[in-house]
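Colleague: Protein chains in written order, with this note's numbering: chain A, 1 to 291; chain B, 292 to 703; chain C, 704 to 962.
Because the hints were derived from the structure by calculation, they are not lab data.
C-beta: ideal position from N, C-alpha, C; glycine also.
Check each hint, because a few of them may be wrong.
What the hints assert, rightly or not - A short list of chain B residues far from chain C (calculated; beta carbon distances all over 12 angstroms): (1) Val336; (2) Ser608; (3) Met679.
Unchecked claim - Derived, one-sided and incomplete: chain B residues facing chain C with beta-carbon distance under 8 angstroms: (4) Phe314; (5) Leu524; (6) Ser535; (7) Leu536; (8) Tyr573; (9) Asp574; (10) Ile586; (11) Leu590; (12) Gly592; (13) Pro593; (14) Gly595; (15) Ala609; (16) Ser610; (17) Ala686; (18) Leu693.
Said to hold, decoys possible - Within a straight-line C-alpha distance of at most 25 angstroms, the following computed BS3-like cross-link-like pairs (lysine-lysine) qualify: (19) B/Lys651 <-> A/Lys242; (20) B/Lys651 <-> A/Lys167; (21) C/Lys786 <-> B/Lys546; (22) A/Lys167 <-> B/Lys497.
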Amino acid sequence: MWRRLAVLDRVPRQTIYLLMFLACGLPFFFDVRLPLYVWPETRAVFEVTDSTPPDKVVLICSNWVQGSQGENWPQYEAVVSHLMMRGIKFVVVAVDSDPLAPQFSERVNERQAAKYGRKYGVDWVNLGMVRGAPLIMASIGRNIKSVFPRDYRGYSTNDAEKLPILKNITGAADFQILWAIEYQPSLDWMVWLDPAGRVPVAFGSAGIVTTSWYPYISSGQMKGMMAGIRGAAEYETLVRNKYGKRYDEEGLRGGRLLVPLAFGHLVIISFILLGNLGMIAKRRAAKEARR
Amino acid sequence: MVWRRRFIAVLTFLAGLYFLLEFILPPTVPGRTRRGVFLEHSPTVVALASPDGDRIDVEVGPSVEFSMVVRDPTGKLQAKAQRTREVSVGETLNVRTRTFVFGSFRGGSFLDDKGGIVALRPGERVYSDDSGDLPVEPSLIAPGTALKVEVRRAKVVGVRWGSVTLLDGPAGDVRARRTVPLGPNIAVLRERRKGTPDEIEPYDAKVGDLLAVGHTTFLRDHRDTAAQFNSVLGTLALGMGLLSLGVVNGRRLRKRGEDRWVAIAFFVAVVLGVIAGVYKYYDPSTAERSFSDAIVFRLLGPVGSTIFSLLAFYLASASYRAFRIRSAEAGLMMATALIVMLGQTPFGMYLTGWIGEQFKALWLPNIAGWVLRVPNSAVVRGLIFGTMLGGIGTALRYWLNLEKGSAMGGGD
Amino acid sequence: MDNANWQVLLLMVVFSGLVLWKIASAKRGQGLYIRPIPGLNAIEEAVGRSAELGGPLLFHGGVADFTNVQTLAAVGILEHICKTAAKYGNRILVTTAMPVMVPIWEDVIKASFAAAGRPELASQSEVRFISPAGDLTALGTTQVLVDEKVSSCFLFGAYDYTSLLYSEGGQIAGCMQIAGTSDYYQIPFFVASCDYVVMVEELFACSAYLTREPTMLGSVVGQDYGKLFLLLLILTGVICATVFGPSNPLNLYEGILRF
């Protein structure tokens, strides 16, 4: 028996790849719903974002592009759809990112704006990409228009006719919360954007790097985060639970992608356990052979 | 080459010294800073109350507020007035040079409520809040009315550090050119109970705020320039990288070896990329924009996602190959990993959600959360301390030229 | 600076002072000890393996530019690898996703081989900028590993999600791999697919460990003294918070450290 089980110690990697492919791919063809437990970190940032007063905006740093779109796109879309549905104004920037980042974020913005009838320049503005972190983050906190004299579409940020959203927005005092959404957001936001610490900072990052943010959340330097796809799914759940049918979830990906993620995790766990079983079996078989 | 190493060492030291000095030096020049409680401000003066109760009037420099008019032939004010150094040549501005309270109009000149003459320079006109785009008619103004002196629709013809040159008349008329100082060297700092003071604009101050007003130290004025330096360097480097790739692939193409198709694909991709980049600013309904979106979202996007998805497969095979329990510590690590992994997926709730609310501390997500918030945070803090100290040591060695390598300027 | 205050300045002075003090001690001849770091000891073995198999070495300096201290640490390691490669007559390929790093790596290779007395190896070596996208550079690096039949691969510097693409690609290509990064969440990926891993702060001790220069050793020991100082701060804080309770005005320690 041990000799037969020892085969588990050397499963070809092609088999692992195939099973992983099936585990992640098949859920797209079946409508599988899984229960979701909302973590307190996601709830904290949802509540701050949801309570944005009319005279403040949400600042979103959207640095993601095609590489990390699997995790960051659902997160970004969850936040933007929430803001658009509520009519909360937001400003999108990209700092030290791939030059394509504003294009990726703007695509999501336009789609959600079409759903809720929002208008560019009135409900949101995309200021494009700038380089020079971390000092540029301090400049954004002091006077965002000095960093972005023109927006992504070429309008002057001082043009109150085209961009009335920016009319009374200057710096950190006008931001309700900063969302930094990319694979691994920069810790410099906490230090440089508002040294006074008045602007809560929230991260939307890949799941693997979220382990680094827990110390900052517990010390209060960060308000909370969305942890990978799970965080996006939780955020969508929170919005849906509070606003019901007002929230159009058509096309949102957090909840949908959670299922392949869960099954993928199961495959990895299974193979780790099987590999260890194979290792034990191999040792036992060798011991038996020696006897 | 010795001079090159010494040059690198000196430049590195000066760059680090800039930030160190900016850290150490106070934000305003110590002997020229006035402190007090904010009372009121005008375009030229911030009034403070000293601890003894005396009024202190602090000149905050030349008095300009800018508001931007862009493509509005009626001259209607478009934006909130703000003082900004980021003015571009070619833009049209309304410049408010001063305000005063109307007293009377005599001998062709406006007089303020104290009897002083309000001298108007060429291009300046007097407006009130109700007069719209037309200068006020002196005979229709009641004494005590707040008036403002402005230059309307002046074209910016030059921008220098600390001043802007405007043209508000014919280009050949010397009198039509005015240089307006922007006053970058006065800082108004609102002190907080804890932490460093905030730098604010005078019009953001509220009565009762504790302010410190004074001339800035030189380094503070150049913070944004220092920030932009890195930005320019990064942008330059991109062009350099493209050139390097062009040279390498050009060489491949010339040799006409088996890999010439790779070089052809590179050049085709560069052209497509440039076209996609230019077309991305077009209106969404145009064919050009659709082409750009197709390149980015239908070609680049799936390619990037595919590469990222490789990680899932690599992770599975690497985990299977490497994570074997060969010791007690490895077993403990494995058990923790299983708890955290399952706790972060819905299966964690499936496995333990039936336990009941009163024992929800035993739910896998809650256990996983505790592991991440408590032991994991402690470990990460320790790692952060080590990383940061290592970073300080490395940075210090490079700054003080103590790095004893033969490259990067060391080795002397 | 907006976030500068006297507490941060004091900490900076203390940490820098400790580092400079230990550097001065080292210069005066005081012997300093650093524990063995297996990953760095294996560099010679990896270079030798590559020389035996006849293939070049491959070095990747991470996905960050020179403003990141990990890249600065990687520069020191590349220098050592070049000097070791010079002993065996081996050439080195460097791939990068940062165009701004190309002249820096070229300079390091040239200066190191020249210092080791084998300047001709610098012209046989190459720095390849593959793509500004990290994931494409990872795939390109794997392609280089296969095409050039690289037998030893070094991955040192700052890494993001592409770390596993580099290391697993090298694993599949059959290379001996030594990796080092200060990004702790990438360490498990390297541990799973590399032969040796230099972890977190060991990366910053690399230059000192490899060159055994008294100045560099002094700075590493100074860092450790800085850690001791931090431990003392934490311990004092825990005692004060336990005795007085948090937010108690009598807890002067908390008052001093409030930023």
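Colleague: If a hint holds in the structure, say so; if it does not, say that too.
Modeller: Going down the list of hints, with the structure as the test:
no., hint, result
1, Val336, "26 angstroms, holds"
2, Ser608, "7 angstroms, violated"
3, Met679, "9 angstroms, violated"
4, Phe314, "5 angstroms, holds"
5, Leu524, "7 angstroms, holds"
6, Ser535, "5 angstroms, holds"
7, Leu536, "6 angstroms, holds"
8, Tyr573, "24 angstroms, violated"
9, Asp574, "28 angstroms, violated"
10, Ile586, "14 angstroms, violated"
11, Leu590, "13 angstroms, violated"
12, Gly592, "12 angstroms, violated"
13, Pro593, "13 angstroms, violated"
14, Gly595, "6 angstroms, holds"
15, Ala609, "4 angstroms, holds"
16, Ser610, "6 angstroms, holds"
17, Ala686, "6 angstroms, holds"
18, Leu693, "5 angstroms, holds"
19, B/Lys651 <-> A/Lys242, "23 angstroms, holds"
20, B/Lys651 <-> A/Lys167, "49 angstroms, violated"
21, C/Lys786 <-> B/Lys546, "33 angstroms, violated"
22, A/Lys167 <-> B/Lys497, "20 angstroms, holds"
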